[in-house]
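Given chain A's structure and the hints, the job is docking chain B onto it.
2 protein chains.
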Amino acid sequence: MQPIEGNERVVIEGVSPEIDGGLFPAKSIIGDEVTVEADIFADGHEVISAYLLYRRANEAIWTETLMQFLANDRWQGSFTASDLGNYLYIITAWVDQFKTWRQDLKRRVEAKQKDIEINLFIGAGIIREVVKRASGADGKQLSNWAEVLRSNTTSQKDKVKLAMSDELSKLMEKYADRSSAVTYPKKLVISVDRKKAGFSTWYEMFPRSAADKPGRHGTFRDCEARLPYIAEMGFDVLYFPPVHPIGSTNRKGKNNAVITRQGGPGTPWAIGAEEGGHKEINSQLGTLEDFHHLSATAQEYGIEIALDIAFQCSPDHPYVKEHPEWFLWRPDGTVQYSENPPKKYQDIYPLNFETENRQELWEELKSVVLFWVEQGVRIFRVDNPHTKPFRFWEWLISEVKRDYPDAIFLAEAFTRPKIMYRLAKLGFTQSYTYFTWRNTKSELTEYLTELTKTEVKYFFRPNFWPNTPDILHEYLQTGGRPAFMARLVLAATLSSSYGIYGPAFELMENLPREKGSEEYLNSEKYEVKNWDIGRKDNLKDFITRVNRTRRENPTLQSNRNLWFNATDNQNLICYSKHTEDLSNIILVIVNLNPHQKQSGWINVPLAAWGLNSERPCRARDLLNDTIETWQGEWNQMELDPNTCPTRIFRITQDTLRGKAPKTLNN
Amino acid sequence: MQPIEGNERVVIEGVSPEIDGGLFPAKSIIGDEVTVEADIFADGHEVISAYLLYRRANEAIWTETLMQFLANDRWQGSFTASDLGNYLYIITAWVDQFKTWRQDLKRRVEAKQKDIEINLFIGAGIIREVVKRASGADGKQLSNWAEVLRSNTTSQKDKVKLAMSDELSKLMEKYADRSSAVTYPKKLVISVDRKKAGFSTWYEMFPRSAADKPGRHGTFRDCEARLPYIAEMGFDVLYFPPVHPIGSTNRKGKNNAVITRQGGPGTPWAIGAEEGGHKEINSQLGTLEDFHHLSATAQEYGIEIALDIAFQCSPDHPYVKEHPEWFLWRPDGTVQYSENPPKKYQDIYPLNFETENRQELWEELKSVVLFWVEQGVRIFRVDNPHTKPFRFWEWLISEVKRDYPDAIFLAEAFTRPKIMYRLAKLGFTQSYTYFTWRNTKSELTEYLTELTKTEVKYFFRPNFWPNTPDILHEYLQTGGRPAFMARLVLAATLSSSYGIYGPAFELMENLPREKGSEEYLNSEKYEVKNWDIGRKDNLKDFITRVNRTRRENPTLQSNRNLWFNATDNQNLICYSKHTEDLSNIILVIVNLNPHQKQSGWINVPLAAWGLNSERPCRARDLLNDTIETWQGEWNQMELDPNTCPTRIFRITQDTLRGKAPKTLNN
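For the protein sequence lines, the chains are A and B, in the order given.
Heads up: the first sequence at position 374 corresponds to 483 in our numbering, and the numbers run straight through without jumps.
Heads up: the second sequence at position 631 corresponds to 740 in our numbering, and the numbers run straight through without jumps.
In short, the hints are calculated from the structure, not lab data.
Some hints could be false.
If chains are identical, the list can't say which one is meant, so a pair holds when it fits in one copy or spans any two.
Said to hold, decoys possible - The calculated lysine-lysine pairs, modelled on DSS-like cross-linking and capped at a C-alpha distance of 25 Å, are:
{"no.": "1", "residue 1": "Lys562", "residue 2": "Lys527"}
{"no.": "2", "residue 1": "Lys215", "residue 2": "Lys452"}
{"no.": "3", "residue 1": "Lys215", "residue 2": "Lys453"}
{"no.": "4", "residue 1": "Lys452", "residue 2": "Lys221"}
{"no.": "5", "residue 1": "Lys550", "residue 2": "Lys562"}
{"no.": "6", "residue 1": "Lys270", "residue 2": "Lys221"}
{"no.": "7", "residue 1": "Lys452", "residue 2": "Lys208"}
{"no.": "8", "residue 1": "Lys527", "residue 2": "Lys208"}
{"no.": "9", "residue 1": "Lys527", "residue 2": "Lys624"}
{"no.": "10", "residue 1": "Lys266", "residue 2": "Lys430"}
{"no.": "11", "residue 1": "Lys221", "residue 2": "Lys453"}
{"no.": "12", "residue 1": "Lys283", "residue 2": "Lys270"}
{"no.": "13", "residue 1": "Lys452", "residue 2": "Lys223"}
{"no.": "14", "residue 1": "Lys208", "residue 2": "Lys453"}
{"no.": "15", "residue 1": "Lys527", "residue 2": "Lys510"}
{"no.": "16", "residue 1": "Lys453", "residue 2": "Lys223"}
{"no.": "17", "residue 1": "Lys649", "residue 2": "Lys322"}
Next comes chain A alone, as it looks inside the complex:
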């Protein structure tokens, strides 16, 4: 090993965000500030200059922005993500001779040292080195200043004033000697999505159950009639399970019965029949034209249609005949149907993603997504992505987003944590979560802390679902109306994106197939339902208020700003979110016990919000539109599940005391 060439002495490490050593992009939302931090230091006591450089991935020119020293060798810089797509960022830093000299001189002056002429002379030398690189006027100016520092006729006081002047610093910064600069060796990537990637309110519904009369198969036209109802509640994404032809071989009957009754509709996830596969619409729902009409009308209501991507086939899918090589055939000439023990999907064949013809298969599947993209669909809920190769999704999503950077992919992966995170890293825009099974205060606190306060926040965008067609949690089965209200508010205020499977949710459908099961009794997955949305006990007014609160309070539209507040009652969970400028502070309290009234003391962290904890604050109850005045950092509260198990407050005070520490919001 030879003594090392060069004089790069700066270390840049601990860069954040940097996902898996730069293997994956971090995520941001258009218009948001991207904050980059790093540990930057060198040996000795000299002063460092550090810059954050960034550019759009498809552009050549880097933009530079000076990084600020925070504390403990940590530095921070930021830029605005003003376009969709990928941005690159790097960091460069060096030991800055001029800034070191300036700081040293400042200390000597402050210590009232008199013998600083030699130091001023040295400074002149540093400036004269820079003159060599400076352009005409700047060079002349710097040259003059160097002469002043060397001059015998200028007073020491004036020389010091010049040395400390902003004008000199500015020019020296412009022509700084970067010959010893160290540049972080990885170009890191941040992927910028549209607003809805970060803030979205989903309503899942089976179009075939949208008919206004029992016994009739619903259509896209029926869905159109349902739009005002959905829009009024405040949802902006309407997600349909697969809308394609359904196979008849081994078609499932009511409650997942293996032998179907004649005329049963089958499950929409058994995709493909003689009439076609993933690019075809089930004729019972209507035509492609009907779909376009529905999409256009939805748009008028501020609603986007999201479709389901379920890459699997019924035994009747055209692929089975046209591309038998895309399936794994057993020695007896059959294809093993899908299994996820103990679940069996006798009506579904998995695709063999590892087939030798996989290039052809993968391209075909891409063409399915692009087909729907061309029909105007930009949001996809992807069914069970964890049972297909990671590299397939990484490839597919990057292919689609290259031309359609507004595309959104929601990963419906209920599997082990590392796999769920991997899918988010490789490109999924949003992800299903464990929220559905996190019901106690400690479970919720621990899980949300992981999602919002660790590296996970940079790549995993949670989408919280209190229920899905597959999951009716015991809490909803047994908790009655208060349980549905509590879970809705938790989902809607803990996570900036959430969804419900309706009308089952707002009609508080709570019967499981059997005790201990999370499946719905008479699940809509296997039959056409007729929902009485006009029922008096429909939760729609409550949902409407909660979703309006989300729209009107920007702090509920992000997650990294979540903080849990102490309470002295394990049944009461309390948390708050606030915007960085503190103009919007929301405090939420939920009684997690749906059966009993609960009361307790709630921490109201006025000082942490930059408010005056000596003065009263105003708490506006956003669900009941009442106003209370609170005094001090603790407030007693009682929540009766029989009236409403939750309250959402907006906190204000006449005069703000100051800003909260910036890192609070990071």
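For chain B alone, kept in the frame of chain A given last:
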């Protein structure tokens, strides 16, 4: 982007140890088990095979060892670090078709499925694929087994028995299909040091103060006479401040006085005079021959001599004249002396490590270390490494350790945490720490948790010093004898390596230069001292007992096994260490209040130690050699600083209930 070639589906991530993405080696001790963990997973539900591969850095052949699944996609493998120097390790893993088939078949059999002939037939096909790669006899055996699984005459029961047999598994493992194997792309490094790198007991002393009579300058011969005293106390490293000629220009006087009195000895760190520099011995101490004699005698006492590497020069160092280009000259023809505001070192010139002649300078400095290595020295305490370039040390240490892998470098860097950690990462064997300033229970708990329970444990080996010639902490200034005893036990039992600056320590020297200062009054740095080690109140007997406890209890010889135990008194700190096999369990309690008796309840985590918490345990007090019988997981304790502020117990029980979870010791 084209659909990706190949069928590698496994992800390997979160490898541990992996320091800064593999930029730096982790550290281990010869004979120790190196445990490697990683998250390993793929899409789907198939079974994975994973191997840890390792080799010495200078050898070509990898050795493979099967990794075991722990939980939550975490896998673990290990190997023994049997030689000094660097080892490389990687991980390879694949989706294992045979193991998947076997697991699937097992589930079907357990579910009493009858129609498994097709599955047995598929298994035969998998085995026949492997036959193609198997050698003669193995191939024939596998081929036979495949036929059995396909045969019509063998019973299903016998086929299943064969499918599940260890013999089949073993051969299938041997010839496993690795065509889809993923190998972790980084070759990670672990650096293996000798035992003393991890477990060492240091005694620092100024040789010039070793004379037996006041007024005489001590010599190496005097040091020899001191060896029995040091060895009896149980120290195995004897560290000397620089032993080189001391400059006379600007030589410091008593208490760091700028103008020295005539005849003052100066500070040993002002290295270099007309008689020579870093390769010369101060003639007042003796000759190189005397040094050799001392080293040899020390060795007989089980003591190794450690020298100080202080790369800086007095103005009289030969380098200043011979290599003026190695110093930074100011326009007035002077060299700016060293400063570390507010400290001024007028008698010391820093070397300019960034000089254009740095190759020559760096080589010269390397030759200094190699000179002492050739004199038999293998342990170096490096003075202020954080004021020299990181790359210099990285280069120097790797150069020395290439030929002398038994060399040990202790970084004397008292600076910001990230810089201290960087020095450890780039190669320093041991490091000074903040222990000297961590005195309360929460400070100690927080700091030790960082050192022993985070990634830091892989690269940073702490060496705890209750005092140094530069630091007399207020706790020692004011706490009297109990404070010295408490700090000694904390250093000696919290950290496997520790040291004291003596005889100041055992004689409880506690006068600061002035109130608020951490400098000693009449510091030995600036004068020759005469220590009355025969004083009655010398702590040597106590130190002897503590160091014997360290030698006799292997669990005190490592750090990753440290666990804090709850107490109900903030003045009582309690912690324990145990070997992985639970044969050695040590519990330490210290009263941190040197002025008042303290009592409280101490948690004795019998169950976590694999002991029966229903039965009494034996607690042998290793400082007083008494035995107590304790019952249950809480024990009341009283510690009177006036007798002894600390107790060290060895815990045993007649019958062990079982082993603690393996991860406890990781």
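Okay, the hints, checked on the actual structure:
| no. | hint | result |
| --- | --- | --- |
| 1 | Lys562 x Lys527 | both (17 Å within a copy, 22 Å between copies) |
| 2 | Lys215 x Lys452 | between (73 Å within a copy, 17 Å between copies) |
| 3 | Lys215 x Lys453 | between (76 Å within a copy, 17 Å between copies) |
| 4 | Lys452 x Lys221 | between (81 Å within a copy, 16 Å between copies) |
| 5 | Lys550 x Lys562 | within (17 Å within a copy, 27 Å between copies) |
| 6 | Lys270 x Lys221 | within (14 Å within a copy, 91 Å between copies) |
| 7 | Lys452 x Lys208 | between (67 Å within a copy, 21 Å between copies) |
| 8 | Lys527 x Lys208 | between (45 Å within a copy, 22 Å between copies) |
| 9 | Lys527 x Lys624 | neither (31 Å within a copy, 56 Å between copies) |
| 10 | Lys266 x Lys430 | neither (91 Å within a copy, 37 Å between copies) |
| 11 | Lys221 x Lys453 | between (84 Å within a copy, 16 Å between copies) |
| 12 | Lys283 x Lys270 | within (20 Å within a copy, 78 Å between copies) |
| 13 | Lys452 x Lys223 | between (85 Å within a copy, 18 Å between copies) |
| 14 | Lys208 x Lys453 | between (69 Å within a copy, 21 Å between copies) |
| 15 | Lys527 x Lys510 | within (24 Å within a copy, 39 Å between copies) |
| 16 | Lys453 x Lys223 | between (87 Å within a copy, 17 Å between copies) |
| 17 | Lys649 x Lys322 | within (20 Å within a copy, 95 Å between copies) |
Comparing the model with each earlier hint shows violations of hints 9, 10; every other hint is respected.
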